[in-house]
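*Asks:* The lines below spell out each chain.
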Amino acid sequence: MTDIERHPYDVVVIGAGGAGLRAAIEAREQGKRTAIVCKSLFGKAHTVMAEGGAAAAMGNVNPKDNWQVHFRDTMRGGKFLNHWRMAELHAKEAPDRVWELETYGALFDRTKDGKISQRNFGGHEYPRLAHVGDRTGLELIRTLQQKIVSLQQEDLALHGDAEAYLKVFAECTITTLTKDGDRISGAFGYWRESGSFILFETPAVVLATGGIGKSYKVTSNSWEYSGDGHALALRAGATLVNMEFIQFHPTGMVWPPSVKGILVTESVRGDGGVLRNSEGKRFMFEYIPAVFKAQYATSEEEADRWYADPDNNKRPPELLPRDEVARAINSEVKAGRGSPAGGVFLDVSTRLPAEEIRRRLPSMYHQFKELADVDITAEPMEVGPTCHYVMGGVEVDPDTAAAKVPGLFAAGEVAGGMHGSNRLGGNSLSDLLVFGRRAGAAAAAYVDAIGPDRPPIAEDQVAAATTEALAPLTGVAGENPYTVQSDLQQTMNDLVGIIRREHEIVEALGKLETFKERAKRVTAEGDRPFNPGWHVALDLRNLLLISECVAKAALERTESRGGHTREDYPKMDPVWRQENLICSVDGDQVTITHQPLPVMPTELLSLFEKEELSKYMTTDELSTLDTTAGEGGRP
Amino acid sequence: MTYKAEFRVWRSAGANTSDGALVDYTVEVNEGEVVLDIIHRLQATQAGDLAVRWNCKAGKCGSCSAEVNGKPRLLCMTRMSTFGEDEVITVTPLRAFPVIRDLVTDVSYNYTKARQIPAFTPPAGVAPGEYRMQQIDVERSQEFRKCIECFLCQNTCHVVRDHEENKPAFAGPRFFIRAAELDMHPLDAREDRKDFAQREQGMGMCNITKCCTEVCPEHIKITDNAIIPMKERVVDTKYDPLVWLGSKIFRRS
Ligand SMILES: Cc1cc2nc3c(=O)[nH]c(=O)nc-3n(C[C@H](O)[C@H](O)[C@H](O)COP(=O)(O)OP(=O)(O)OC[C@H]3O[C@@H](n4cnc5c(N)ncnc54)[C@H](O)[C@@H]3O)c2cc1C
Ligand code: SF4
Ligand code: SF4
Ligand code: FES
Numbered sequence: 001m002t003d004i005e006r007h008p009y010d011v012v013v014i015g016a017g018g019a020g021l022r023a024a025i026e027a028r029e030q031g032k033r034t035a036i037v038c039k040s041l042f043g044k045a046h047t048v049m050a051e052g053g054a055a056a057a058m059g060n061v062n063p064k065d066n067w068q069v070h071f072r073d074t075m076r077g078g079k080f081l082n083h084w085r086m087a088e089l090h091a092k093e094a095p096d097r098v099w100e101l102e103t104y105g106a107l108f109d110r111t112k113d114g115k116i117s118q119r120n121f122g123g124h125e126y127p128r129l130a131h132v133g134d135r136t137g138l139e140l141i142r143t144l145q146q147k148i149v150s151l152q153q154e155d156l157a158l159h160g161d162a163e164a165y166l167k168v169f170a171e172c173t174i175t176t177l178t179k180d181g182d183r184i185s186g187a188f189g190y191w192r193e194s195g196s197f198i199l200f201e202t203p204a205v206v207l208a209t210g211g212i213g214k215s216y217k218v219t220s221n222s223w224e225y226s227g228d229g230h231a232l233a234l235r236a237g238a239t240l241v242n243m244e245f246i247q248f249h250p251t252g253m254v255w256p257p258s259v260k261g262i263l264v265t266e267s268v269r270g271d272g273g274v275l276r277n278s279e280g281k282r283f284m285f286e287y288i289p290a291v292f293k294a295q296y297a298t299s300e301e302e303a304d305r306w307y308a309d310p311d312n313n314k315r316p317p318e319l320l321p322r323d324e325v326a327r328a329i330n331s332e333v334k335a336g337r338g339s340p341a342g343g344v345f346l347d348v349s350t351r352l353p354a355e356e357i358r359r360r361l362p363s364m365y366h367q368f369k370e371l372a373d374v375d376i377t378a379e380p381m382e383v384g385p386t387c388h389y390v391m392g393g394v395e396v397d398p399d400t401a402a403a404k405v406p407g408l409f410a411a412g413e414v415a416g417g418m419h420g421s422n423r424l425g426g427n428s429l430s431d432l433l434v435f436g437r438r439a440g441a442a443a444a445a446y447v448d449a450i451g452p453d454r455p456p457i458a459e460d461q462v463a464a465a466t467t468e469a470l471a472p473l474t475g476v477a478g479e480n481p482y483t484v485q486s487d488l489q490q491t492m493n494d495l496v497g498i499i500r501r502e503h504e505i506v507e508a509l510g511k512l513e514t515f516k517e518r519a520k521r522v523t524a525e526g527d528r529p530f531n532p533g534w535h536v537a538l539d540l541r542n543l544l545l546i547s548e549c550v551a552k553a554a555l556e557r558t559e560s561r562g563g564h565t566r567e568d569y570p571k572m573d574p575v576w577r578q579e580n581l582i583c584s585v586d587g588d589q590v591t592i593t594h595q596p597l598p599v600m601p602t603e604l605l606s607l608f609e610k611e612e613l614s615k616y617m618t619t620d621e622l623s624t625l626d627t628t629a630g631e632g633g634r635p
Numbered sequence: 001m002t003y004k005a006e007f008r009v010w011r012s013a014g015a016n017t018s019d020g021a022l023v024d025y026t027v028e029v030n031e032g033e034v035v036l037d038i039i040h041r042l043q044a045t046q047a048g049d050l051a052v053r054w055n056c057k058a059g060k061c062g063s064c065s066a067e068v069n070g071k072p073r074l075l076c077m078t079r080m081s082t083f084g085e086d087e088v089i090t091v092t093p094l095r096a097f098p099v100i101r102d103l104v105t106d107v108s109y110n111y112t113k114a115r116q117i118p119a120f121t122p123p124a125g126v127a128p129g130e131y132r133m134q135q136i137d138v139e140r141s142q143e144f145r146k147c148i149e150c151f152l153c154q155n156t157c158h159v160v161r162d163h164e165e166n167k168p169a170f171a172g173p174r175f176f177i178r179a180a181e182l183d184m185h186p187l188d189a190r191e192d193r194k195d196f197a198q199r200e201q202g203m204g205m206c207n208i209t210k211c212c213t214e215v216c217p218e219h220i221k222i223t224d225n226a227i228i229p230m231k232e233r234v235v236d237t238k239y240d241p242l243v244w245l246g247s248k249i250f251r252r253s
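Heads up: the protein sequence lines correspond to chains A and B, in order.
Position 213 of the first sequence, counting from 1, maps to 213 under this note's numbering, and the rest follow consecutively.
Position 179 of the second sequence, counting from 1, maps to 179 under this note's numbering, and the rest follow consecutively.
Pulled out of the complex, with its shape left as it was, chain B reads as follows (with noise of 0.2 Å):
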């Protein structure tokens, strides 16, 4: 079952290359193992300062998000079986962000977004135990915060993807689902999340192509569950001549 592949790697400038490249590297895989395992392989064999995150090695974390083909992937979570033996395997760190080092990116811009977004607010006048709540309400918001903040959702979407310059103004799938999560808590107090999504956060650029879920390991159903959802019900309120007025006032105040 033990194989040689062939492996392509991004390597940063550092001690080895004076440019980022990629570097070419022939390691041995074995039955079961996944891309990590081999990234791992050769960090403790040919190239022990190549550059990657990794936690849990089961999917749970959302640490080691890069791009294996050119497809965002978990590292952990790609399995060598599923290509050639002859097949080269490419692996470069996600596309949407800076690259600190090797397959290790900067993924600040996310942490900003995720303050951003008004927090819970709990409801007035219950207290801690008197939280009351059907499982069935709770199932859609659950379904979000599945999330394990693997940014590959981010990472996908081509409103940033290509474009730097909308990261201002654009938060992204995984706080759009945020933003919907809140929105549906039973018990959240705030009115104003889908006004919230539409006008702080960005949610008008997308322009729903799915590609965010599509890539989503834990298969959240990103935009038919949260986005469209957010968007109907915005929309709504977008042609309510009383609603545009009242968030334009308060805008002004």
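So here's chain A without its partners, still in its complex pose (with noise of 0.2 Å):
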């Protein structure tokens, strides 16, 4: 293997988006030599594209807010499947990392006293969304980009090399983590441009490799997001959990076809766009679940009142959670009051005037202009459903985000248990800077802890990586892996996809054995260099797996609840919600194993009423809490 270029490394981080970036410059600032390698250029990743805002309770715009108000709408939003200790540190410390970006140069907008603005979203009780417009993920991942450079002059300043403590491994895709009896010991992958390959040898590995939308054909992700973070953990021997839960967003463009999935960013309600039918209709107010009705208007003059006065009046009914608004978009189309294209209407142009939307929704409006020739402050939109974000991911430690495998860290949209079965808008950035910074801060004391007993490296799993890598260029004649892709993503897309049912999950499973064959004969036309046939067939291995994953979560749960739902479950059930999936691979076979979710502890059950509580608990847990948490009820 003489012929593989070898870079050792302290601290490997695969993704450079937000998580990535944030846990790569906690781990150089904690004097780690540190590697980024990213799929695409630096500064494209999916973080890019996030639109609405990075929640925090600063409590700029409304003083009431703080993290207990956050954690209580984290749960919520979740179905209270969250994993309570990461909600807990997430709403915690989201305020601090969100200033931090300030001291590296972001720039979001202000409040007339000249702090940083929040903005409503949906789930969140108080405006919360630190913003930049809407292309907040662009300030995130640039700040961080260039507080990355600013590492690098500081590094070059020292060492005369910029390059000495932090490098970006850019257009070089991991394909294979190696192992040292049960411990990381290195990341195995290619670099795009030439085709030929490259092997880290590091003790520690971040994974921050975003999602998994590249499973179904409507989705708002890119290509990049084959779900390759998730495949790697699973084969290096760490678990998944919560892979049931994917986040459809209500509002995905429709038309015209080739945008379909495209994202309309949650500000356009959150600023007070309104959904309507194809009679005119703002028929969220029909949707409003039982537990929610205490939170929401029933009216549409006491939701308009909310946006001028939201301390006396109930929020608007279209800022429901995600799942909710997705399922009730499903069924207006579903009742023949769609719209022309197949959505329903997204209306902001009666509600604001052209000036301010152009002003607060810029790239929605030329979104719009450049793809669909429709004036947003003219006209209504047409939406719909799209794939969006997965909740599930690695099983990790929250305070270190560990995964099972020593060396091996998650955070991000990779990660799991954080969200629980739904996540909120905004409540991803700033999971990414939160959890990123950790598992920075976790890889580098692994290091430290396990000094110079480091991993060696195992030839034969290089050996082996290579050839799976080169099987799909020196197969014959076999069949095209887009077309593969493609079946793949239509059958997610209609057999897992929003509404879930037992027969179709189970012929999902049926088909997915079949692309596994497939997959094994695909080949790509062309040779190495910069070649995205094979690049496909490679991403097609992880596609595969997670879908498997996927689907055999959905099948398992027999409730409703998130972003699962099940038409011959319709029931929220109290049992199942002490219940997380756990996947894991043998070989090539995904097994379910159910595991009991952490028990929250007094103080934080505390700070939610008990009536609350009885419609998510079951009877037995909540006699448990009358003795043990005695009065109930808020602090």
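Hints may contain errors.
[Claimed, not checked] Derived lysine-lysine pairs resembling BS3-like cross-links, with alpha carbons at most 25 Å apart:
(1) A:314 with A:260
(2) A:369 with B:71
(3) A:516 with A:571
(4) A:167 with B:4
(5) A:334 with A:217
(6) A:64 with A:112
(7) A:610 with A:92
(8) B:167 with B:113
(9) A:516 with A:314
(10) B:221 with B:231
(11) B:146 with A:369
(12) A:293 with A:571
(13) B:146 with B:71
(14) A:112 with B:146
(15) A:260 with B:4
(16) B:71 with B:167
(17) A:571 with A:610
(18) B:221 with B:113
(19) A:115 with B:146
(20) B:210 with B:231
(21) A:314 with A:610
Just so you know, the hints here were simulated from the structure itself, not pulled from any lab data.
Since each chain comes alone in its own frame, lean on the hints to assemble the complex.
*Replies:* Printed below as a string of structure tokens:
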């Protein structure tokens, strides 16, 4: 294996989105030689597309906001399936992580008194999202990118080499993690540009690879989202949690067909946009579920008053958590009350002056004008659900982001647990910062702890990884990888989509088996340098493995909760709330096991009214609650 | 609405061609599609190894830059309806950067230039969370922070487009707006941004042709709002003998 370039590092971060960059900054600040590896150019990761904002209870707009309220909203949004400790850390640390960005040079929109402005978003009790117009993700990634540059400038001054402690390996894809016994020893991949192989020799790997949206046909996600990190973790012996929970964002573009799925930010609704069906009716009032009756307005008048006077009015139902809104749109379309292109109408044109729309939602204005010929200041948009985010991911320790495998850490969308069964808008960007930092710190601490006992590379693993990576190029006249990929996407969309039924999931699992067989025989035309057909063929293995996890977990969970809706089991079941489904692989076979959810400590439980908890918990749990929590209720 | 379009796409030397060449393809086009959709259709049906960069498909990431009929464009934001059905559409890589393969170019020049600008310098004694700025004061810099780093402006600027030899001394419009952004940042602690732009970034080579502004997909007024204000103030200081002397002495030490 002499033709493989090798790089020794202390910490290798896979992924250059918000989570990866924040992790790398932390590892470097702790003095570790750190590599950042990413499939695209530096600064192009998915985080760049985030629009609405980053949720942090800074209380700049409504001083009543604090971490406890944010924690409560997050748990409610996730239907109490979240790992309580992650939700707690997230709510407590998000403000510091956002403020820190200002010291790196970020320029958020401001309040009148010069603080960071915060906007309303679905499921958040108070205006909470720090934002820059509707391009917050761009600001976040550029800020972190520039912070990395500034650290490199320091290293240049100090060591004469800008890349001495922090180097970005862009357009480089990791396909395999190597191990020494049960611990991580390295990461193997290829350069997209040349197609040649590269091996990182490292005791610590931080996965920050984002999501899995490319397993679905209609998605807001880019080609990068093929579940690589999820699959790498599984194959390395780690576990995934909550994989049945996929967030379908209620508002994706539906026309023209080639942009179907591209996101329409929730800020449109946060800033006053309303949803109407073909009869012109604001239908969301019909869809307020019992658990949320207390927090949402029941009349248009009250809902409209809320924008100006949120203290004395309840919020509009357009701002219910995403799963509720997505299901409602789905039902309206099914009932024949959809828009011409098969969505519903989202209208902000009758709600705000044109000038204001252009100022607050510039990139949405731009996007509709250029891609659909629609002027959103003058007419409504047509929107429908799109696969957007995976709540499930690598099972990690909340405080250290450590996976089950020593030396493996995961943060950001690739990690599971934080968002339970449904993520609130804005909680991802803050999650990236909070847990990215924690993962970087914990990886650094791990490296310190192992000291000189560095794991050696097992050469047979490298050889196997090489053979595996070259397979699509060496086969003869096999199937086109693009065809298998698109059949897979169609299957997941149709059979394991927003509304699920047992027989359909079973059918999907059957098809997945045939796709697996077909995938073994795909061949890519052409040679190694920058060959997208080859790259698709390699991603396919990951997509297939992850799709199987999603389908198997979806079949197992016989209830409906958050991003998992079973038509044959339409109710939320308190018994299921105590259960996590854990995926692991053995060879090529995905296994699902049940695992009890960690129990929330009393001081956090006491943040909720007992009446609210009774909607989620079993009678048994509620009775123990009585003896341990005493009074219950708010502090 | 569906029709067959004639595409000519630059293909590098590789498995199928021995030399780089424009290759003709006839390919289906449907209503509402953009040039990137057609490139993807070519990949999926006729040219599996056709190299192109893209991510967001919504004009947000700046990955899909190339030239369509000789004009620098984002492939994902160039609608097919802007061309006649019988028009031959030629897609080529960015001209100012070395081609890696097909439509993919080596844009590392830009990352090198980015690293040469002194980073944001936080104000001394202001704790995180204590930053206070007025919206009106941040807006000027925010305009420049809309930049998606598509590098179309860099590709267009005649100072480097056909003049490789100017690259070492010239940072280019994308990084003039970065300099302007930091200069106008209400809390950046450095005072020498304009001077630096003139001295180290080669802003003097810009003769304000505005070509960069014209191609910017984010509609950033690169020349009017960044370069001209930066130049004006540099001109002031350049003729101030004390500052002039100061910078000379500083450079020698
Ligand atoms: C259109 C859109 C709008 C959104 N808006 C919001 C919002 O307003 N607020 C909010 O909180 N959230 C939002 N989200 C969600 C949020 O943006 C993402 O969840 C988040 O950015 C994920 O960040 P990350 O750091 O986990 O990964 P990403 O930013 O996705 O980065 C993943 C990185 O991993 C790399 N990678 C992947 N696989 C490999 C591999 N095999 N080898 C090497 N590198 C690899 C990729 O190249 C990339 O650099 C939005 C998402 C979308 C799609
Ligand atoms: S205005 Fe200056 S920077 Fe812009 S294209 Fe012309 S010469 Fe280049
Ligand atoms: S300034 Fe405009 S053209 Fe130049 S890189 Fe940025 S977005 Fe692209
Ligand atoms: S693909 Fe992101 S700008 Fe074109």
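*Asks:* Indicate, hint by hint, whether the structure satisfies it.
*Replies:* Status of each hint after checking the structure:
{"no.": "1", "hint": "A:314 with A:260", "verdict": "violated, 33 Å"}
{"no.": "2", "hint": "A:369 with B:71", "verdict": "holds, 21 Å"}
{"no.": "3", "hint": "A:516 with A:571", "verdict": "violated, 33 Å"}
{"no.": "4", "hint": "A:167 with B:4", "verdict": "violated, 46 Å"}
{"no.": "5", "hint": "A:334 with A:217", "verdict": "holds, 19 Å"}
{"no.": "6", "hint": "A:64 with A:112", "verdict": "holds, 18 Å"}
{"no.": "7", "hint": "A:610 with A:92", "verdict": "holds, 23 Å"}
{"no.": "8", "hint": "B:167 with B:113", "verdict": "holds, 10 Å"}
{"no.": "9", "hint": "A:516 with A:314", "verdict": "violated, 50 Å"}
{"no.": "10", "hint": "B:221 with B:231", "verdict": "holds, 15 Å"}
{"no.": "11", "hint": "B:146 with A:369", "verdict": "holds, 18 Å"}
{"no.": "12", "hint": "A:293 with A:571", "verdict": "holds, 17 Å"}
{"no.": "13", "hint": "B:146 with B:71", "verdict": "holds, 22 Å"}
{"no.": "14", "hint": "A:112 with B:146", "verdict": "holds, 22 Å"}
{"no.": "15", "hint": "A:260 with B:4", "verdict": "holds, 22 Å"}
{"no.": "16", "hint": "B:71 with B:167", "verdict": "holds, 21 Å"}
{"no.": "17", "hint": "A:571 with A:610", "verdict": "holds, 20 Å"}
{"no.": "18", "hint": "B:221 with B:113", "verdict": "holds, 20 Å"}
{"no.": "19", "hint": "A:115 with B:146", "verdict": "holds, 20 Å"}
{"no.": "20", "hint": "B:210 with B:231", "verdict": "holds, 14 Å"}
{"no.": "21", "hint": "A:314 with A:610", "verdict": "holds, 21 Å"}
Violation of the numbered hints given earlier is confined to hints 1, 3, 4, 9; the remaining hints are satisfied by the structure.
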